[in-house]
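Peer 1: Respectively, the protein sequence lines represent chains A and D.
Under the working numbering, read the first sequence as residues 1 to 798, first letter to last.
Under the working numbering, read the second sequence as residues 1001 to 1165, first letter to last.
Accuracy of the hints is not assured; some may be wrong.
[Stated by the list, open to error] Partial chain A-side listing against chain D, Cβ under 10 Å, derived:
no.	residue
1	Thr113
2	Ala117
3	Thr119
4	Arg121
5	Lys123
6	Pro161
7	Asn402
8	Ala405
9	Leu406
10	Pro413
11	Asn426
12	Asp606
13	Leu635
14	Glu748
Hints are computed from structural coordinates only; laboratory data are not their basis.
Beta carbons are placed, not taken as given, at the ideal position from N, Cα and C, and that holds for glycine.
Chain by chain, the residues run as shown.
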Amino acid sequence: MADRTTDVWGARTPFGAGDRWPSRGDRYLTVPDDEVERWVPSACVLCSNGCGLDIAVAGGRMVGVRGREDDRVNHGRLGPKGLYGWQANHSGDRLTRPLVRTGGALRPADWETAMRAVTDRSKAVLAEHGPLAMAFYTSGQLFAEEYYAQALIARAGIGTPHLDGNTRLCTATAEWALIESFGSDGVPGSYTDIDVCDTLLLVGHNVAETQTVLWSRMLDRLHGPDRPRLVVIDPRATPTAREADVHLALRPGTNVALLNALLHELIDNDRIDRHFLDAHTVGFPDLAEVTAQYPAEKAADICGVPADDIRAAARIIGTGQRLVSTVLQGVYQSHQATAAAVQVNNINLVRGMIGRPGCTVFQMNGQPTAENTRETGADGTLPAYLNWQNDAHVQRLADAWNVDALQIPHWSPPTHAMEIFRHCENGSIRFLWVTGTNPAVSLPELHRIRAIYGSDRLFLVVSDAFPTETTALADVVLPAAMWGEKTGCFTNADRTVHLSERAVDPPGEARSDFDVLLDYARRMDLTDRDGRRLLPWSRPEEAWHDFIALTQGRPCDQSALTYDALRNAGGIQWPCTDRAPDGTERLYTDHVFPTAADRCEDYGHDLTTGAQKDADTYRAHDPDGRAVLKAAHYLPPHEPVDERYPLQLTTGRIVHHWHTRTKTARSPQLQDAAPEMWVELHPEDAARAGIAEGDLVRVASRRGDLVAPAVLRGPRPGVVFAPFHYGYFDQADPDRHNRAANELTRTEWDPVSKQPVYKVTAVRIVKVADAAAGGRPVVISEPGLSAVAPPQPPKERP
Amino acid sequence: MSKTGLLLKELHASETELAAACHAVAERHAADHGTYYPCHTLAAQCDAHAEQIRGWGGRYGAALHPPVHSDLLTAARDALRHEGSELLGRRTESGLLLLRDLRRLYVKAEATYINWIMLGQAARALRDQDLLTALGPLQQQTRTQATWITTRIKEAAPQILVATD
């Protein structure tokens, strides 16, 4: 097989509009085929695409994977992370025993000792400080059943509002953009919309690197007959952007100005669907008035792109018949995140392009199971898309859980992660349990995070499969089973649910988070109002059963989505009900949106300040099934560049790594493809600072600095790019904090989604050493570079 | 100066005071990022409102001028507050100070809002349609500012008032 770290997207299989995307069976095996004893059905957990795959098992070990050709998501394909990432399960440094801090050091302990330490401290904190001193920070990597258990433990058992996921960093804006426009979370479209669209608008979404198999699907349309036209909005000349008909390489942090200009062009040239707007939306006059203040020339000034290119993009968007728009971190991790993401919804709404084949907007997820934190209420919402301000909704939840409604905190929205850490910082939270995530590398302003997590007054429990920068700060470390070693469900970015079966046993004493959470609930004696166990389960399937029952009648209704159904059919898209047992391809085909006051998930916010609307205000103008067009003015970033910090840093991800590399650095092929940190500078900025290719440079912000070799292929003058994946666990001196991009970023978040701002940080650069003398060699390996190099003319494969 | 001019002067003063108060609250709670950045957003909105109001002053005989700040003094004061917040921001008393400051801010925002209501009524009675159209979004934005302060107080109060030390 070709080295798929360089041949990232694999062979093209072009197809035309309305044809079936051809299958392509990707596989990677470390043993000969005939030695495989079993193939265990699952799906990939290394991005939000959720590609169906089978895990090959031999001798009680995973020995490879193959894409499922009958799976609706990937038609047999797998990306490099899917093909090679599973090998991390075998890594020699897996955590196999609990660790408890004694005498200042983490030492191996048995489960009884570790769990007693966790529950003793929980009980002591509860007795002394009450439930508001307890907090939980979870992942986008666990399974739905585990998140649901966490929601039940935190919201009904402990009674704390402090439960959120690291999905706050990746997908919160997707969730809130959907809620603000359509009344509820839930991605409207289906990947099959890509098969029939004639126009693609990709906003801050470098899909070629973040969701490689989805890009293969798009590429196969782009290289097929009746090629869709492609507009890409991204500051960087990504592999995605290089395929574009129009690439708007805007200044970081100016999305709202550009999107307003595109909306203005559409409205001004009457490329809008007035019938649709009149019948199915509210708010158009305000949107028209605000966007009228953004003529192309003004946006061109703000965004640093030619006005003619803006008009050309608007012409493409405005003349297509079937528009698929997608949004990801370039929008979500900038300031004004929700305001910008909502303007992309507005583009599809003014064009009347939603709820029909080929017409939709994807507010993309980041992580593979991010969607499930949103549905189970393990992020800043209640389960089943219930509205915390709606007393009937809260009562429904209380009835399902058989607890008093007052037990469930709903005096304000569940606390978002960044506010949880603020409470840890000022000492009002005393107990924090982190599951399946590595905040000591992934959160902004790392010196602050290390100080918070390392504080003596905070008792820190960390569940993980590997030693990480975060486990190093913990008081108790619990060894977790990984994907393939446990059973559970998860949902991808087009609402496709897969059941991932346990293929092998976890190593040593590692346990699934589900089992650990049940054990915790039992030891904490968490009960309902009748004294019965609050988590009355022994297996994940029982938790799933309760969860899907709770969704009945809600927009995310999955009440017929049983394990049996998933075993029989593979991936199924919700809603999945008795009336639609095979699932539902797309939402809002009747153009009725879940905005009615009794149905909506939230009453919404002012996009600029985050001011929360209340029930009375909302009911006074109940959209009652119409989508809501919300406008917003552009605001400059809160930290502008100045003489001392003249450049703008934007951080991001690369194709070979996932988050903080806990898995991907332990997969040989992926690690070899991109072993080291680097920063990308524009040649003009580099020349001004006397920096040549490969020189070691220091990038400094007001909060910290990092040192890394320079690669002179930066996006535009004045902009520095750094991948955010690299931390310290694989460094010779892990206490020398000069490598992670988040040393530089600052603690600010979007006022609506509360997603941290990673894309706009003022920095300066200075040369530290020559590439030849003292500098490190250029660190991106050839495979790493060529994977994202300008495309070669298509070659015929033998 | 006409009575409407007097009202414009009053409104201008309340907007510039609100801007200054937002600024001060932001710097005093610089370690509380959920207050710091939105308060700066509010302050910038108030500055923009004040500029608009100055534009209307001439029509009603009110000569309105931008507030005079000594840049050096302002910077020094902000730096002091900012640093104080960084030092004290990890102590629990800072929570009670935050609630007190936000309550004061709320009162100022409401006072500003009621001045907008009066100006709207004057514009109606004067049949000054241009003024009426122009002030609508600004009045609404002031309403939203008060809603944001309420939102922030509702979020912050339980942890500050109930979580024990």
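Peer 1: None of the hints should be skipped; say for each whether it holds.
Peer 2: Going through the hints against the structure:
1. Nearest Cβ of chain D to the Cβ of threonine 113 of chain A: about 29 Å, over the 10 Å cut. The hint is violated.
2. At its closest, the beta carbon of alanine 117 of chain A sits 23 Å from a beta carbon of chain D; the interface hint therefore is violated under the 10 Å criterion.
3. Because the beta carbon of threonine 119 of chain A sits about 20 Å from the nearest beta carbon in chain D, more than 10 Å, this interface hint is broken.
4. With its C-beta approaching chain D no nearer than about 16 Å, arginine 121 of chain A sits outside the 10 Å limit, and its interface hint is violated.
5. Hint status for lysine 123 of chain A: violated, given a least beta-carbon distance of 16 Å to chain D, over 10 Å.
6. For the restraint placing proline 161 of chain A at the interface with chain D, the shortest Cβ-Cβ distance is roughly 8 Å, inside the 10 Å limit, so the hint holds.
7. For asparagine 402 of chain A, the interface hint is violated, since its Cβ never comes within 10 Å of a Cβ in chain D; the closest pair sits about 25 Å apart.
8. Proximity of alanine 405 of chain A to chain D is violated relative to the hint, the smallest CB-CB distance being about 16 Å (cut-off 10 Å).
9. Restraint check, leucine 406 of chain A versus chain D: the minimum CB separation of about 13 Å is more than 10 Å; hint violated.
10. Hint status for proline 413 of chain A relative to chain D: holds, with the closest Cβ pair at about 7 Å, below 10 Å.
11. Using the Cβ-Cβ criterion of 10 Å, the hint placing asparagine 426 of chain A at the interface with chain D is satisfied: the shortest such distance is roughly 5 Å.
12. With 10 Å as the threshold, the beta carbon of aspartate 606 of chain A comes within range of chain D, its nearest partner Cβ sitting at about 5 Å, so the hint holds.
13. With a cut of 10 Å, the hint placing leucine 635 of chain A at the interface with chain D holds, because the nearest CB-to-CB distance is about 7 Å.
14. With 10 Å as the threshold, the beta carbon of glutamate 748 of chain A comes within range of chain D, its nearest partner Cβ sitting at about 5 Å, so the hint holds.
Violation of the numbered hints given earlier is confined to hints 1, 2, 3, 4, 5, 7, 8, 9; the remaining hints are satisfied by the structure.
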